[in-house]
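**Q** For this one, chain E is given, so just place chain Z on it according to the hints.
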Amino acid sequence: MYAFDIERPSTIADAVKLLSDSTESQPLGGGQTLIPTLKQRLAMPDRLVSLGGVAEMQGICEDDAGRMCIGGGTTHADVAAGAGAYGALASLAANIGDPAVRNRGTIGGSLANNDPSACYPAGALASGASIITNAREIAADDFFEGLFTTALNEGEIITEVKFPVPEKAAYMKFEQPASRFALVGVFVAKHVDGVRVAVTGASEDGVFRWADAEAALNGEFSAASLDGLSLPGDGMISDLHGTGDYRAHLVAVMTRRAVDAAA
Amino acid sequence: MPADGGIGASTKRREDIRFLTGNGNYTDDINLRGQAYVHFLRSDMAHGTLNSVDTSEAADMPGVVRIFTGADFADVGGLPCGWQVTDRHGEVMQEPAHPVLAIGKVRHVGDPIAAIVAETADQARDAAEAIEVDIDELPAVIDMKAALQEGSPKVHDDLTSNLCYDWGFVEDNKDAVDEAIKTAAHVTTLELVNNRLIPNAMEPRVAVGDYNRSTDDSTLYTTSQNPHVIRLLMGAFVLGIPEHKLRVVAPDVGGGFGSKIFHYAEEALCTFAAKALNRPVKWTCSRSEAFMSDAHGRDHVTKIELALDADNNFTAIRTDTHANMGAYLSTFAPSVPTWLHGTLMAGNYKTPLIYVNVKAVFTNTVAVDAYRGAGRPEATFQLERVIDKAAIELGVDPIALRRQNFVTEFPYATPVAVEYDTGDYVATMDKLEALADLSGFEARLAESKSRGMLRGLGINCYIEACGIAPSNLVGQLGARAGLYESATVRVNATGGITVMTGSHSHGQGHETSFAQVVSDMIGIDASMIEIEHGDTDKAPMGMGTYGSRSIAVGGSAMVRATEKIIAKARKIAAHLMEASEADIELKDGAFSVAGTDKSVAWGDVTLAAYVPHNYPLEEIEPGLEETAFYDPANFTYPAGAYACEVEVDPDTGKVSIESFAAVDDFGNVINPMIVDGQVHGGLAQGIGQALLEGCGYDENGQLLTGSYMDYAMPRADDVPFYQVDHSCQTPCTHNPLGVKGCGEAGAIGSPPAVVNAVVDALRRNGSDITHIDMPLTPSRVWTAMQG
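Note that the protein sequences, when read in sequence, are chains E and Z.
Residue 247 in the numbering used here sits at position 247 of the first sequence, and the numbers go up by one each step.
Residue 190 in the numbering used here sits at position 190 of the second sequence, and the numbers go up by one each step.
Okay, chain E solo, but in the shape it has when bound (with noise of 0.2 Å):
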């Protein structure tokens, strides 16, 4: 690790502060992945900008319109706990990781990270969360835009995410042998005005929405719907752990399966 300055600002206004002024500055959520990554030398900023300390941004609560609104300060352990409402949210959160990483990362932090192969990413566009940074709100559609890769601006922190909780819906998780990261992770939610499925870890452009599997399900939202349907193994990732077509495969079977929990 190179030496930096750190700050731990305790409101949303000085962090945002700390983080426009001439240094270079890094926020720095529950650092699960920024702290290896330090420590690895990979990284060199001047300044990490704690957002630990700011407490606008820790707790859930619902807002007036019933979307469950998680500050983005809020750890996986937090959510898993306090999320009961969006059962298949509480039980995502449960699942990242082991419990060091859950008692640390942060849903700001791994939303902003949107490593593609992280949980929370398709939680959010599953379940259409906005994205409430301290400039905007960002609908989870316009978010995600690539690996590691967001609609974020330089400086620009989440503050607060707000999932509108579905009618049903459930997490699949297939995970990864060694850092059991999602292989592949699907989330299906059925809302009021349609079905959402979104697919984690499989893509080489990041968290996406399948499609197909959305007009299928909104027929019928049982698992026989999806009889058929497939992904083509081109452009999703290869490496050790997986071919293209397996990960395609998978994503079949983690969506049935993620329809059947949540049915």
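These are calculated hints, taken from the structure and not from any lab test.
Every residue gets a Cβ at the ideal spot worked out from N, C-alpha and C, and that includes glycine.
Among the hints, erroneous ones may be present.
[Said to hold, decoys possible] Distance windows between CB atoms, simulated:
hint, chain 1, residue 1, chain 2, residue 2, range
1, E, Thr37, Z, Pro242, 45 to 53 Å
2, E, Ala43, Z, Met202, 51 to 59 Å
3, E, Asp98, Z, Lys564, 51 to 59 Å
4, E, Asp98, Z, Asp430, 51 to 59 Å
5, Z, Ser10, E, Thr37, 43 to 51 Å
6, E, Asp142, Z, Asp157, 54 to 62 Å
7, Z, Arg764, E, Pro99, 36 to 44 Å
8, E, Glu145, Z, Gly696, 24 to 32 Å
**A** Then chain Z, alone, in the frame of chain E:
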């Protein structure tokens, strides 16, 4: 038996108190006054010409004490190889130079180029980034068969090719084997890969070099399984320090699995630098660094042919293996695919003709050397896989096929130069069938099927050769070391005993089990006995711990020394009781005169030895301390039978191990609980190899599995609750304890059981598959299922 447990008692491990409470003393816990820290700048290219290493800017960085490069070792030896193999044409192996720091070329990702010594570890690392290294990248040689093709780039320019040796065993059998295969009623052929593994001991390697200018004494604290061997290799062959001026200490060591047998460059560098700088120098390996600097294991590519007659009797075995040496010859690398592999190719079966060919190959990868089992897992895997395939092809029961071909009479001389002293393979298989409830398999199969899961059963046997080994024999086979073991038993005046053993414990529990043996022999509480190991200034020259040799060889040395102690104590007791020595009996820690009520306690005798007022000084010396060196007459041959049941998810290819039963014949057992633990650990590593672990390089020699993000270690939920049994005991006939060794069995015996089970599960579902290469990842299994 003593109150707190002698031989055969499951005494709790005394060392665990300090390990589990954070009070162990590991090498990284050693911090010497004034120590500097070293960081190694390593090659990020697999192969290249090292034109220059410019340290001028780095040398001026804050805290930098000194930067060493290959040039600093020009007058010093390179790292030695401890085993010279002679090939099938009578030529000795090609043995390349192995510089401490790269000279002229870099040959694998991780090859050390420079060592930066600084006041802090961070400063050393900062300075490493300021070193200008000029390397012209060369094409990397990764695939072994490609490496042997004409025109392949050479890993070592001064060698004639990338072939280290072409070994044939037993060469005199070759023609007969060829003929037997040609004329056999049936030949089963299997090509397979024994996957490359990265050892991943929990404690990464650490070295602390120290030097005393006033006495010219060097000390190396290091994470080693055999400190005396390091002292000999490093002192004599690298740095030119005689043993009496060099102390090597391996304190508590957190796992080795073979990877801490070898003498590594970092140890030599720290020792060398401490003297050059006249201050202690410490290196602590990071986990990432361990992936590219610890010697890897396995990495064989094999074709095996099994010939059978019309009655399904095995008539011949022929194997053709390419064994990866990596870029340099690690300490014992040449012995692993040869003498530790070819000699085990008979397995538990009376195959009359066997021929093993091994081509050892240099590639631009990390050196490969012994890893838990070392050669024996590779032999067992191919043999037990090809037998299962033969059973499939012949339509016979795989257990019956094995039983039919078991060796049943002992001693048994195999056609691959070893003689099994004892064993009872029928008994272990009988026990396994009961322990694993094989008769209940069909019901379990049906239950799995009702849940949509494919269930499979895999059975295999194994034999291994432990307790390496008679020194005169291994000398003939190319070992550049003896393989005896030593022990000094020091009895103190008040009766307490300190045993200094040349064996080394890095998790095996010697402090407990060795004490049980001495306690049992004398009849005193084990709490009166302390086991010391790991310090060349304390223990007599010993060869260390690997190859499941500690209790069989080290324990035997300790028994011999203790026997000498008892013999002398008996003389003293006879004197004290004014009786004839022949009438003296030792029982429960007291000497008595047979047929009388006269007795003296152990403590009375030991006190007399050191306060010899009433003592037969004209006959024996005062004191009670004895040393023994024990050189075994043969290897020991633990053997067993394993059963694995798996479920395969047909939708995903994911394998889960539903049960695993291991029946092992270890001969006599000192501490059954510790033996259980050794088997459990071995099984976890074998299951890890079968399902999870696989070191991968890309075509440019970049390590694809350079961290736990991609290298999958077995975790608790990957393995089942094991059923372990070692009640079938055919004691070893040639060591005093009748023990065989248990450290590697689990890792040797389990991979074929797992693969056999998965293949069985798929075949029961209609697949015609006969083999899948390890690790059986979900992707590989699913892909295989697609046909």
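**Q** Does each hint fit the structure? Answer for all of them.
**A** Status of each hint after checking the structure:
no.	hint	result
1	E/Thr37 <-> Z/Pro242: 45 to 53 Å	holds, 48 Å
2	E/Ala43 <-> Z/Met202: 51 to 59 Å	violated, 28 Å
3	E/Asp98 <-> Z/Lys564: 51 to 59 Å	holds, 53 Å
4	E/Asp98 <-> Z/Asp430: 51 to 59 Å	violated, 43 Å
5	Z/Ser10 <-> E/Thr37: 43 to 51 Å	holds, 47 Å
6	E/Asp142 <-> Z/Asp157: 54 to 62 Å	holds, 57 Å
7	Z/Arg764 <-> E/Pro99: 36 to 44 Å	holds, 39 Å
8	E/Glu145 <-> Z/Gly696: 24 to 32 Å	holds, 30 Å
Going down the numbered hints, you'll see the structure goes against 2 and 4, while the others check out.
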